[in-house]
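Visitor: Line order of the protein sequences matches chains P and C.
Heads up: take any position in the first sequence, counting from 1, add 506, and you land on the numbering used here.
Heads up: take any position in the second sequence, counting from 1, add 506, and you land on the numbering used here.
Hints listed in this document are in silico derivations from the structure and should not be mistaken for laboratory results.
There may be inaccurate statements among the hints.
All copies of an identical chain are treated as equivalent in the list; a pair is satisfied when it fits inside any one copy or across any two copies.
Said to hold, decoys possible - In silico DSS-like pairs for lysine-lysine, Cα to Cα no more than 30 Å straight-line:
| id | residue 1 | residue 2 |
| --- | --- | --- |
| 1 | K645 | K608 |
| 2 | K608 | K764 |
| 3 | K749 | K608 |
| 4 | K658 | K608 |
| 5 | K640 | K676 |
| 6 | K683 | K555 |
| 7 | K660 | K676 |
| 8 | K636 | K660 |
2 protein chains.
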Amino acid sequence: MNLTILGCYAATPRTFTNPTSQVLEIRNRLFLIDCGEGTQVQLRKNKIKFSAINHIFISHLHGDHFYGLIGLISTFNLLNRNNDLTVYGPTGIQEIIRLQLKLSNSWPQYGLHFVELSSTEPEVIFEDEKVMVKTIPLKHRVYTNGFLFLEKTKERKLNVAAVQEHAIEKCYFQNIKNGKDITLEDGRVIPNAALTFDPPAPKSYAFCSDTMYTETILPIIENTDILYHETTFLESEEALAEKTMHSTAKQAAMIAKKANCKQLILGHYSTRYDSIKLFQEEAKTIFENTVLGDDGATFEWQ
Amino acid sequence: MNLTILGCYAATPRTFTNPTSQVLEIRNRLFLIDCGEGTQVQLRKNKIKFSAINHIFISHLHGDHFYGLIGLISTFNLLNRNNDLTVYGPTGIQEIIRLQLKLSNSWPQYGLHFVELSSTEPEVIFEDEKVMVKTIPLKHRVYTNGFLFLEKTKERKLNVAAVQEHAIEKCYFQNIKNGKDITLEDGRVIPNAALTFDPPAPKSYAFCSDTMYTETILPIIENTDILYHETTFLESEEALAEKTMHSTAKQAAMIAKKANCKQLILGHYSTRYDSIKLFQEEAKTIFENTVLGDDGATFEWQ
Chain P
507 MNLTILGCYA ATPRTFTNPT SQVLEIRNRL FLIDCGEGTQ VQLRKNKIKF SAINHIFISH
567 LHGDHFYGLI GLISTFNLLN RNNDLTVYGP TGIQEIIRLQ LKLSNSWPQY GLHFVELSST
627 EPEVIFEDEK VMVKTIPLKH RVYTNGFLFL EKTKERKLNV AAVQEHAIEK CYFQNIKNGK
687 DITLEDGRVI PNAALTFDPP APKSYAFCSD TMYTETILPI IENTDILYHE TTFLESEEAL
747 AEKTMHSTAK QAAMIAKKAN CKQLILGHYS TRYDSIKLFQ EEAKTIFENT VLGDDGATFE
807 WQ
Chain C
507 MNLTILGCYA ATPRTFTNPT SQVLEIRNRL FLIDCGEGTQ VQLRKNKIKF SAINHIFISH
567 LHGDHFYGLI GLISTFNLLN RNNDLTVYGP TGIQEIIRLQ LKLSNSWPQY GLHFVELSST
627 EPEVIFEDEK VMVKTIPLKH RVYTNGFLFL EKTKERKLNV AAVQEHAIEK CYFQNIKNGK
687 DITLEDGRVI PNAALTFDPP APKSYAFCSD TMYTETILPI IENTDILYHE TTFLESEEAL
747 AEKTMHSTAK QAAMIAKKAN CKQLILGHYS TRYDSIKLFQ EEAKTIFENT VLGDDGATFE
807 WQ
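Next up, chain P with everything else stripped away, as it sits in the complex (with noise of 0.2 Å):
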């Protein structure tokens, strides 16, 4: 699992930072979170292979967080992309999209769907034999969802020595595999246990922006590996968090330590402050593994 951070500053787009935008890549797929102005520029500098993106997830209607889908929409299309491409987000986004592709009399050759969300409760929105994604509902000034990746559990690894001890025939490999106990000739039952390791733990990203500090999100994000937690603001300006529905970089770290969290990452800052560097000092007295994402950051988990 690696993580591409396009863009995570607050507002608007600046000559040096970048509204919100990542690529998250989990086993070979690349699915884009986010999409703000700029988006579709950021993706080649930062060399990502456009083509793979198949699935695209917002946030909310907020312009820092998507005006830059129609441009990636309208890129695709001159680029001659054939696969689909799917964009899940907030009920109004299809609306938004196809009036400005009818307008422009430029519908997309390639296949183009829409998931719209309205719902307030967690929903499994996407699910492959290889990843599920759920949404996380966050509270902010519009309706607005996180999204939680979650990695399946991998086949289990064969024991190469105790299946040649047993004389187990390959045949029967797929099966243990898949966590089946095997029945040897002679009538005794071996235990897939003594033939097979534990697969590695399956990866889990939380994607948490924007949202003001709800521990509603707790249950839904428990035991994540990873979370991205925004942090427009500071403490010492934690009423404007409140007013404006945004968090400081100790609440997000209050929500990382809460939910048990292994990893946090913070983003989307607001630009008032000289540096970031005071988002994870704040964010540290509360919770250790606190990192800074910063637009072109780039992040790997084996």
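Given chain P's structure and the hints, the job is docking chain C onto it.
Guide: Then chain C, alone, in the frame of chain P:
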């Protein structure tokens, strides 16, 4: 009159090239022409005073000419703009912007007005005491207008020596500048031409992008000082230019020559060519005073 080109490349924004947008300043009025994705960042990079832009002209509803508009409108709001903003563009532009502002629950606190265009005849769409703006109906795949900016004639310049010679009092000066003759106390009439010099000739600027070669625009732009004309392709791709309803450099130069313009600025380059100098070389074979537009280029005319 001066011009800053924020972007002048065709199709999609890329790492080092920007889609169409330019700022024309005429007698302290800032007009924004087209607004591709990333325009607000280009405005910052080129140190344009955002807040002084009160009029935005959109040629057509292809993404590379207007996808940056919604972001700029939103950013104006975040920057606490107070002045009214008027957007001139094809019918439909109002619906696109209003829908997005409604769904993001962020209608601006400043006055936002739309003048929707649908006529295929040239029309005056803006006029004040210093500048007039007319549409230039173009031929493209969707409804498209160019824009002709006409500076109005300034008042005549006082011939100070002549005025002193006739001992004319100050209270008559404004009448003289306005072109009136003066009757002296002894009954003699001094013609205005003896008391004033001609004012500097008013400047004019025509923006024509996107369009295929069309001579129907010649009567509208005849004798215009500066013509910005698109050249997506070179003559070697003339068939492709015709098919996609764009122009070649040679065709842009022919328009400049036939319309008796003083200077031609090229832009809207396809990124398929090694160097934009090829466009200039081709155009110069027809029209000598051809210059290359480029992102960040500025032009000033006295």
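Visitor: Could you run down the list of hints and mark each one as holding or not?
Guide: Going through the hints against the structure:
1. K645 x K608: Close across copies (19 Å), not inside one copy (33 Å); limit 30 Å.
2. K608 x K764: Cα proximity of K608 and K764: none, with 47 Å in one copy and 36 Å across.
3. K749 x K608: between (38 Å within a copy, 20 Å between copies)
4. K658 x K608: neither (39 Å within a copy, 39 Å between copies)
5. K640 x K676: For K640 and K676, neither the intra-copy (37 Å) nor the inter-copy (79 Å) Cα distance is at most 30 Å.
6. K683 x K555: The answer is neither: 32 Å in one copy and 65 Å across copies each exceed 30 Å.
7. K660 x K676: Close inside one copy (20 Å), not across copies (93 Å); limit 30 Å.
8. K636 x K660: Within. Shortest intra-copy distance 8 Å satisfies the 30 Å Cα cut-off; inter-copy 72 Å does not.
The structure is inconsistent with the numbered hints 2, 4, 5 and 6, although it conforms to all the rest.
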